[in-house]
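Here the structure of chain A is known, so what remains is to put chain B in place on it, guided by the hints.
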Amino acid sequence: MPIYKIIIPVIALIFVLRGIFLWLKGKKTWREIIFWTFFWGFFGFLGAYPQSIEIFAQITGIQDSVKAFFLLIIMILFFIILHMFMKIEKLDRDLTKIIRKFSIEDSEKNK
Amino acid sequence: MQNKKIFIIIPAFNEEQKIFGVVQKIFDLGYKNIIVVDDGSTDGTKKILEDLKNQGKISFVSHFINKGAGAATQTGFDFALQKGAEICVTIDADGQHNPDEIQKLVDPILNGECEVVIGSRFLNLQKMPVYRIIFNKIGNLITWFFFGLYVSDSQSGFKAFSKKALQKVKIENNGYEFCSEIIQKIHSNNLKFKEVQISVKYTKYSQSKGQSLINGLKTLLKLFLHSLIK
Numbered sequence: 001m002p003i004y005k006i007i008i009p010v011i012a013l014i015f016v017l018r019g020i021f022l023w024l025k026g027k028k029t030w031r032e033i034i035f036w037t038f039f040w041g042f043f044g045f046l047g048a049y050p051q052s053i054e055i056f057a058q059i060t061g062i063q064d065s066v067k068a069f070f071l072l073i074i075m076i077l078f079f080i081i082l083h084m085f086m087k088i089e090k091l092d093r094d095l096t097k098i099i100r101k102f103s104i105e106d107s108e109k110n111k
Numbered sequence: 001m002q003n004k005k006i007f008i009i010i011p012a013f014n015e016e017q018k019i020f021g022v023v024q025k026i027f028d029l030g031y032k033n034i035i036v037v038d039d040g041s042t043d044g045t046k047k048i049l050e051d052l053k054n055q056g057k058i059s060f061v062s063h064f065i066n067k068g069a070g071a072a073t074q075t076g077f078d079f080a081l082q083k084g085a086e087i088c089v090t091i092d093a094d095g096q097h098n099p100d101e102i103q104k105l106v107d108p109i110l111n112g113e114c115e116v117v118i119g120s121r122f123l124n125l126q127k128m129p130v131y132r133i134i135f136n137k138i139g140n141l142i143t144w145f146f147f148g149l150y151v152s153d154s155q156s157g158f159k160a161f162s163k164k165a166l167q168k169v170k171i172e173n174n175g176y177e178f179c180s181e182i183i184q185k186i187h188s189n190n191l192k193f194k195e196v197q198i199s200v201k202y203t204k205y206s207q208s209k210g211q212s213l214i215n216g217l218k219t220l221l222k223l224f225l226h227s228l229i230k
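Chains A and B, in that order, give the protein sequences.
Residue numbers for the first sequence follow our numbering, beginning at 1 and rising by one.
Residue numbers for the second sequence follow our numbering, beginning at 1 and rising by one.
The set of hints was computed from the structure by calculation and includes no laboratory data.
The beta carbon of each residue, even a glycine, is placed where N, CA and C say it ideally should be.
Do not take every clue at face value.
[Claimed, not checked] Now the in silico label distances, taken between C-beta atoms and shown as ranges: (1) I73(A) to N111(B): 44 to 52 Å; (2) G56(B) to R31(A): 46 to 54 Å; (3) I65(B) to M86(A): 34 to 42 Å.
[Claimed, not checked] Not the full set, but computed from the structure, chain B residues with beta-carbon under 10 Å of chain A: (4) D38; (5) G40; (6) S59; (7) F60; (8) H63; (9) K67; (10) Q74; (11) F147; (12) E172; (13) N173; (14) N174; (15) H226.
Same shape as in the complex, but just chain A (with noise of 0.2 Å):
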């Protein structure tokens, strides 16, 4: 069996429990759940099932190692933009205390 059928279900399934932990928590909605739940729950099928995608391949040609060489390069890619995107707002958020504290500061030098 290839390796992949087995990691991207793997990963697939710890988001899904780390979404269910964190709904326990009360951090997150019963819908998100449901939602999310479908979401990596269509990536893990597609990983332990990738002739699933077997449509895809038809319109698009790709054959099987390559479909799924595809499938983990999105899934990489997407883990990539995620960091980023986490790592941004982090420092936009920060950026916005400082410009807050200064500008607060600064008005009340100006008064």
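Same frame as chain A, now just chain B:
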């Protein structure tokens, strides 16, 4: 006017055409604690605000770069709390809200009915552009989906907060998604809220200043990503 210290917060970005009129109207109504947050405007807004400040009508805080409506609103809250605010009302700078209705938003807090009052444009049918109604309904559903609370106007900029609510609702999102974030924080902090019907004046100007489809999609994408990483 009232015993409680009421502060009016106006986040403003490039509002040179309307800001003077909006501030003057609020001032004439007797509200003396007006804070305008200039969010890095590049037009003549800052100059107008400096004049208004010199006339003693407002206090203003100026972001030296544009950070977004959410960031400007939280700056206004922080500044108001620092000045001893007990109730804060947020109102848009583009003149779409009627300052006469500020009291409608403040009264339920003064009467102890709730901690947050949301001015809703959708409690009564009125002349509104159809696309606005559709955008708002979508925004309400998405807000409900992610944050578990359905309100009739989740994207309203006309709201009132008690001091207790201000201490709990700390806006983290810089952009327009802060409106949904406020709903989330009302829900997660179990704050009592009330929706009050407000009127709204849609002009070509206010429509050009509001959320565009692209902004709406960006906000939606951000809400999805925040939901994924929280």
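Legend entry - Per-residue hint verdict: E172(B), partner chain A, C-beta under 10 Å: 6 Å, holds
Legend entry - Given hint G40(B) near chain A, where the shortest CB pair must fall under 10 Å: 9 Å, holds
Inset, instruction - Let me know if the C-beta of H63(B) comes in closer than 10 Å to any C-beta of chain A, holds or violated. - result: This hint holds: H63(B) lies near chain A, its Cβ roughly 5 Å from the closest one there, short of 10 Å.
Legend entry - Hinted contact N174(B) with chain A - closest CB pair below 10 Å: 6 Å, holds
Legend entry - Cβ separation of I73(A) and N111(B), checked against the hinted range 44 to 52 Å: 60 Å, violated
Legend entry - Distance restraint hint 34 to 42 Å, applied to the beta-carbon atoms of I65(B) and M86(A): 22 Å, violated
Inset, instruction - Starting from the range 46 to 54 Å, see whether the pair G56(B) and R31(A) falls in it by beta-carbon distance. - result: 50 Å, holds
Legend entry - Hint validity - H226(B) Cβ closer than 10 Å to any chain A Cβ: Check passed: Cβ of H226(B) comes within 8 Å of chain A, closer than 10 Å.
Legend entry - Restraint check, 10 Å cut-off on beta carbons, for F60(B) near chain A: 7 Å, holds
Inset, instruction - Double-check K67(B) for me: the hint is only fine if its C-beta lies closer than 10 Å to a C-beta in chain A. - result: 5 Å, holds
Inset, instruction - With a cut-off of 10 Å on the beta carbons, see whether S59(B) makes it to chain A. - result: This hint holds: S59(B) lies near chain A, its Cβ roughly 7 Å from the closest one there, short of 10 Å.
Legend entry - Evaluation of the interface hint that places Q74(B) against chain A, nearest CB under 10 Å: 7 Å, holds
In summary, the structure is inconsistent with hints 1, 3 from the numbered list given earlier, while agreeing with the others.
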